[in-house]
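**Student:** As you go down the protein sequences, you meet chains A and B in turn. Residue 698 in the numbering used here sits at position 692 of the first sequence; the count goes up by one each step and never skips. Residue 301 in the numbering used here sits at position 243 of the second sequence; the count goes up by one each step and never skips.
Honestly, the hints are just simulated from the structure, not real lab data. Computed from a predicted structure; not experimentally measured. Take every hint as true, because none was put in to throw you off.
Simulated restraints on C-beta separations: (1) B/D370 with A/R513: 51 to 59 Å; (2) B/N466 with A/E488: 39 to 47 Å; (3) A/T59 with B/E330: 30 to 38 Å; (4) A/D228 with B/D370: 40 to 48 Å; (5) B/D198 with A/N406: 24 to 32 Å; (6) B/E472 with A/A481: 50 to 58 Å.
In silico DSS-like cross-links for lysine-lysine, where the CA-CA straight-line distance does not exceed 30 Å: (7) B/K411 with A/K113; (8) B/K180 with A/K331; (9) B/K84 with A/K53; (10) A/K331 with B/K151; (11) B/K411 with A/K115; (12) A/K141 with B/K480; (13) B/K255 with A/K467; (14) A/K331 with B/K306; (15) B/K418 with A/K141; (16) B/K180 with A/K471; (17) B/K546 with A/K490; (18) A/K141 with B/K411; (19) B/K480 with A/K255; (20) B/K417 with A/K624; (21) B/K335 with A/K45; (22) A/K45 with B/K340; (23) A/K45 with B/K84.
Note that CB positions come from ideal geometry on N, CA and C, so glycine has one too.
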Amino acid sequence: MKRLAGIAVCSLFAVLLPAQTAPIRKPVETPTPDYRDLKFPPLREVKIPDIPTFTLANGIKLYLLENHELPLVGGFALVHTGSLFDPPSKVGLAEIMGSVMRTGGTKSKTGDQIDEEVENIAASVESGVSPSNGKVSFGCLRENTTEILNIFKDVLTAPEFRQEKIDLVKNRMRGEIARRNDDASGIAGREFLRRVYGPNSPYGQQTEYADLDNIQRADLVDFYKRFYFPANTVIAIQGDFDSADMKSKIENLFADWKVQQPPAPPLPKVTAKPAPGVFVADKSDVTQTFFNVGHLAGDLRDKNYPALEVMSDILGGGFSSRLFKKVRTQLGYAYNISSDWEANFDYPGVFLVSGSTKSSTTIETIQAIEQEIENIRTSEVTDDELKTAKDTALNSFVFNFDSPGKTLGRVVTYDYYGYPKDFIFQYQKAVSAVTKEDVLRVAKEYLRPKDLTIVAVGNTKEFDKPLNTLGTVTAIDLTIPEPKKPEIPVNAETIANGKALLARSQRSVGGIDKLAMIRDATEIADVDLQAGGTTIKARQTNMSLFPNQFRQLQQMPFGLVTVYSDGTAGWIIGPQGQMPMAPQVIDQVRMEIFRNFFSILLSDRDPNRTVVAATATKVEISDRDGHSVIMEMDLDGRPIKQQYLMSGSKVEETYSDWRDVNGIKMPFHIAIQQAGQKFADVTVREWKLNTGLKPEELGKRP
Amino acid sequence: MPHRLLFLLILPLCLTAQNLKDFEKKVTEFTLTNGFHFIVCERHDAPVVSFHALVNAGSVDDPGGMSSTAHMFEHMIGKGTTAIGSKNWPEEKKALAAVEEAYDRLDAERFKGLHADLEKVKQLQASLREAIATADSFVDPNAYIRVIEENGGAGFNAATSPDTTTYFYSLPSNRLEVWFLLQSEWFRQPVFREFYKERDVVREERRMRVESDPNGKLQELAMATAFMAHPYRNLIGWASDIENLRAKNEDLFFRKYYRPSNIYIAIVGDVEPAQAKHLAEKYYSSIPDGPPPPPVITVEPEQSGEKRAVLDADAQPLVMIAYHRPSQLDKDDPVFDVISAILSSGRTGLFYKELVRDKKVSIEADTNATEPGGKYPNLFLMFSAPAPNHTVEENEQAIYSIVENLKNHKVDDETMRRIKTKIRAGLIHQLNSNSGLASQLTFYASQYGNWRTMFTGIDDIDKVTADDVQRVMKLYFGSSNRTVAYLKGATK
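Just chain A, with the same shape it has in the complex:
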């Protein structure tokens, strides 16, 4: 109804006009002034708001900014971490961890429950990880502040990383890998970073299927625990609240978060060497070539950064720049063309000229870019260009302060990266002092035509000239490496089934309560070893102090051999004396410790182990160091055999002759086959449990 009224008003007005043959003009008919003659009052001073800052008892640094314009409250926690800390074979770990921190729910609520709670009140709580920080953010209407702060705290301090959400995000990321070659500009961007930072550097890395297969829940938990602790966290909140009130709210809320860790390590160093040349990816279904041209740049601490910014602006920083004027306006070759001297707070960025042009103007465009880079290195920029660049930067400076949120963000960011509080004002001062000589000097020193990495993605058949006109050409292979098909998938379903099967096994040998009470175990056994057609008889005493101390006395025909390991290193002492433990031997010992009868049965209690059901009677148990066994059981759950790889060959151990030892059923005969051949027969004389073994005893040299 009101809307119709609105339209009626408009048409009424419009109807009036045609009734007059000529529009009414104001009597003032002064010519339009020249823009250069306009006079402006001085700019009103920017009010930089007060940002009270506190360090809480547990080490969290808290920043607060009141803003009563709208009934909103929002903020974030910033954590010193980043995807740059991804281990080499697990690229994407931080991203998954950051995402599942939120979607996987917390100890008290599932992710779906949080979704509904949060969206019902039109609020948000989100989490993610960037190259050099982790962030959990929140936003809400003022009246929901308490509720959302509780969820925010929960997500930040007690994430549960439920498996189904890990599966979900991996699924999404697999989809993204599959799609990554559909977008030519994306290809150019990431291939450029890989070349410039180096293909093995965390700075240019990309997630592959194999990385996703390697990343398990335990990895997420570890990553989270390492970096998310109070002393490593800052919290910034702005909005419609009272600072004193909010401070005590946060103090009380986070009072029980007391975990401690060593400080976060420094970021990996950038050790890239220049990668000059042309790198081309052929894509036949596009009519444009997407190009990235450049090399490594610096960081914001560089004293020449202000001059470099001015130089880069003049070169390609906007509508008034040389690249824009030449390649877009003058030649009409590109819609998209710009250059950037990218300096990060904490690691060297890149100098990058990027854009796209139709296939048949590819080489010409890149040559025009190279020419502009050369020009700015060889002659001074004009007075007009300098003035435009400086005026642009200085007159728009006020926009750095146009919202309280920006000011808060800046204060937190400078603190986080260890920059002086007045850094932006130092920058402003430095820009206003930049001269033409400065611009020439930094262009000569920092722009390196010989080091230019040129990445071009497009339909090479349609290029105007051969690519090697630009330099040595390397073809980029866009093939996405196929994932190794995992023997047994790791997902919520197989994990649940594996847990159930293992529980059955635990029950069949006496129950989890009894098993969990075992602190040490000693096995005295006669071993018949098959070696090259002959049988060697030995008497073994194997002592295990859980979780990972191991001592073996093996009485051989030629003498006594004593072996010791603490799970990481060890020694062997025989009749000839001490022998160092060769790496293969250490690996063997660690495997023995891993697949110890009790350790295996208690695998579901070890956060570093994954237990999945392979079939209805087999579980695969693996840990983060690459150890893996398959345990087969009978229909009652009684373990029948273990299968595993030792030094490349398949080993199978079959259990029999079960007898009761202190209420636990133990096998007294073990038949061992290696690569299908009989390897050893073990007849156990005695099992002794919980005899009070001590580490010093185990580690004592004979």
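Given the coordinates of chain A, work out where chain B should sit on it, guided by the hints.
**Tutor:** Just chain B now, with coordinates in the frame of chain A:
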């Protein structure tokens, strides 16, 4: 009227009424005699101002055979005026006229077709190039934008949509007059300098957004299939049309559509309304008005059966499904917004829950209630990117089962409440930015006749019932009303 106020007071969350009352105090509206609509909104915290000029014409108004005319015009903002952008306007004016004449002579010969003298065509092409080079010699390149940047302009850009063309940027508030001078001069008399070079740039933009992007290609196919007749069928302009645009036709477009009464301007930030009004009178009032431009005459005939279109491309599968729906002025417009939120708002949307989370057939699924524009009958659009090892067919079926469910079962109260809360809260967030506000104010003023619709539209959303949702689903989401466009996918 009193009934309405009473109704608003009953609402548990009276944010809307409260905010409109408070907000209105900050707004001053005035229309010049020649028709320019101004909305000034005060936010004095920071000494900055945002400007948003909306022309109520867009690519839907492109003349036949000249698609991208409106878009091309938008690009002309960078080219300047008679006073800014020229080294010698009197000479340049002559040179530009000479370019058009040379082009006319070329066309006169080319259009002879089989009877054209090819040698003459070659010569005329060379003459045209010379004429262009002569005209270009008078150009002070990118001067207009340079002036904006030198004065501290931030966020400078322009956008062409099917319904509207917008020009926007922000300035430090003491340079208010710069915007009035520059923008008014351009609305008074744009100059089509470097037109044919810029035509190449627009052609590149098409290559970038559509021809080199599977998503862009699919969207173009979807629109052109869904619409048989109505000009919403073309989003960014056909390549052949772009390559043959003429500066003289842009001028015709300008005189028809860029009339003061068709232009809405919002100024938001550290601005005094009295000063804005004074400057508006000073700079804008002498621009002549003209008759209101005609709306698009063509009406899309009712779709009589499902349409399907396939894009063969070496890329991962994608699917778009579009249902015809009435314009933004239809009484059911708010119901479509609610349906869009039910389907794809956050992680509680049905698309996320069923397609991504539970069935895992999609890695991303979304909807848009009004595609590509709202002025005329348009489309409710659904989109999904299938997950690895899942097909377009699976996604279609999963989407249709959600659609059928919404037809046969009423949405629960909790969902309705959540969506309305979100939309209301979304409004508050929009008040947080000068440029965002300026954009919204001009949008509602031009499309709904009153900027207050930004707030009162929320009331209309509040009134939508679960019965309305079911009714609209049954009415519009039938199979004969839908168009399915999909990218089947690569053998990767």
